[in-house]
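Using the hints, position chain B with the ligands against chain F.
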Amino acid sequence: MVFQTIRFALKNAFRKKLVAALSITGIAIGIALMVALSSASAGFDNILGETVAATVGDVEITEYNTMITLSQLPTNISDIIKTIESSDKILAVCAEVVVSNFVQFADNVTIQVGMAPPGSGMSVMALGARGVNLDEDALFEGLTTKLTEGRIFENDFEIIIADYILEAGSEVFEFGKSFDLMINYTYTVPIKIVGVFDTGEDMTRVLEPSFIMSVNTSLQINSMTLPFEQTGYNVAKVRFDSESVEETKSYVEELEALEPKLDVTSLGAEIEGMGDIMANFQTFQTILTVIVIVAGGMAIVVAQLMGVSERMKEFAIMKATGWKNSSIFLDIILESITIGILGALVGFGLGAGLIFIVQLGAGQTFVTITWQIVLKVLAYGLGLGLAGGLIPGIRAANIKPMEVLRAT
Amino acid sequence: MVDRIHNSEKEELDNSNNFIIKTYGLYKIYNEGEPSMVTALNNVSFGIETGKMIAIAGPSGSGKSSLLNILGCMDSASAGKAILDGVDITSLSERELSEIRKNKIGFIFQEFLLIPTLSALENVLLPLIPDGISKADREKAMNILEQVGLRDRADHKPKELSGGEKQRVTIARALINSPTIIFADEPTGNLDTKTGDEILAILRELNQNTGVTVVVVSHDPLVWEKTDLLLHLIDGQISYA
Ligand SMILES: Nc1ncnc2c1ncn2[C@@H]1O[C@H](COP(=O)(O)OP(=O)(O)OP(=O)(O)O)[C@@H](O)[C@H]1O
Ligand SMILES: [Mg+2]
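Protein chains in written order, with this note's numbering: chain F, 1 to 408; chain B, 1001 to 1241.
So here's chain F without its partners, still in its complex pose (with noise of 0.2 Å):
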């Protein structure tokens, strides 16, 4: 039944091509910048959520009020851990010892060695080193099991290094290599490199330490570097079985309350945190949707309107063979949800266009088009054509057919 008005409406849509087009352009372009900030933050939602998912049983316990490179956990620290009431929900635990200023930016040595050639793309900051033991980091499928070359360390010394080390085309670092590093400009470390783990692909791969040794070999330069002789971890990992950062945020509660005193951090809830940076995002996007609204609405009226004014004879003459007023309104209603529909569909395009080569540029996948998002198109696409035929077809409706005709 409305199948033929629908023909009829498709027609008459764009009887003025121009102005059919420019309406279209002007709701494309707010309706593109739409999609491209909408994808951008469900993308930026996904990877949180896909973040906080993958980390909401792991707490990381550091010595109470202490810097993470002084904090001094006990040896046994696995043990008192596991002494909680909720023990039984423990998956894994790993004491590590972060060793300071293993190689640092502003070491004579860094800058001989040719760590941080500039344009490397290899973030100094990154270049962490820690002590792990593997069983317990096997537990956690650490970094000591993703091994792509060589050995796991054996002996004092030996130590294994990240991929991207050897990517970013490091002279000094390579493997199989032995050298003695110097360390703050005073200690010789005499180190071997035996193997070579693996870091995955993302970009977040340059925060994974870059050298990882056994817990004896870090002590033994934590102690030369420290002002103190380091005996215990810095920092324990802790995995629980939790569904939710609510029911581990309980578990953290237990680990405050033993004894000695520990900084407990839940990683999930860190993360979470985060979201409020979402908030000022969301914001933006709902004045920016304000303003798409109005402005294709207003395209769409100022359109329609010229349009109706021009064809008052003809809605007339519709009027006059039986049309109702109903059946005229619906026309232009259709008319200008095709107008708004085909600047929502036009926009999507051009939104996920730009999208997608600002993700070739950066060579990495932080926007998401969902599904939800084409839909919201669709309804603001129908909404804007809704809103914006609204006064034309109240006017083409209500002619009177008799002083239309007349008035020639």
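It is possible that part of the hints are untrue.
As the list claims (entries may be wrong) - Below, in silico cross-link-like pairs of lysine to aspartate or glutamate (EDC-like), each with a Cα-Cα straight-line distance of 20 Å or less:
hint, chain 1, residue 1, chain 2, residue 2
1, F, K11, B, D1155
2, F, K11, B, E1160
3, B, K1081, B, E1049
4, F, K400, B, E1094
5, F, K313, B, E1111
6, F, K89, F, E136
7, F, K11, B, D1131
8, F, K324, B, E1096
No wet-lab data here; the hints were simulated from the structure. Only a predicted model underlies this, so the values are computations on that prediction, with no experimental measurement involved.
This is chain B with the ligands only, laid out in the frame that chain F set:
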């Protein structure tokens, strides 16, 4: 060629079912109560027998179009009654009037008002669009186009048609709903004599072949001769010459 109905014959009018149109004391007053007030129809009572072709004549401004518009359910009367096919159209809502326009009335104007984006065939089908168009409707439209001699112009857009052809399309459009009555307000006013004659011949033929009542406003004495009845309007009143 004689007026069938006088005011005094109201009784007969009331009791007759033969009349497709009956009016009783019809008034049309524009801008009532204002200095620019015009009484376009002044107590008009008459009847039109079903199946006739009648002409309405009269000087410019005498109220011909006003009368046609009320009878064609396109405008409301200021006072009086108008019965169309047994229904008092002066008491109907806009929605009901549009139903009658759709189902019972064909309207033809002086201007050849067609939708430029639609072909001749689609223009003929225009009144049916809101309710949907069936295959049978399309065939019917083609047949009507054939009747008015435009079968081979069915796919032409209005800008590809001559004036006379356009007017024939509007006639076809007026016929698509098989109306019981056709109103034509100076249908030949924009055409040369020969083409105008052709248009009138078509209307006459329709009237005779299908029995549709035709009411045509015309200044042309040649037209008057071809009709069954001539109604003269002067200053909004029927004049019985
Ligand atoms: N909408 C209107 N408002 C005010 N006056 C009107 C209106 N429509 C018609 N009139 C007046 O009513 C009178 C009758 O008009 P109408 O159009 O019915 O005449 P007509 O007989 O059809 O004339 P013509 O032969 O020129 O078409 C005229 O004086 C006209 O000026
Ligand atoms: Mg007139």
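Q: Go through the numbered hints given earlier and state which of them the structure violates, listing their numbers in rising order.
A: Failing hints: none at all.
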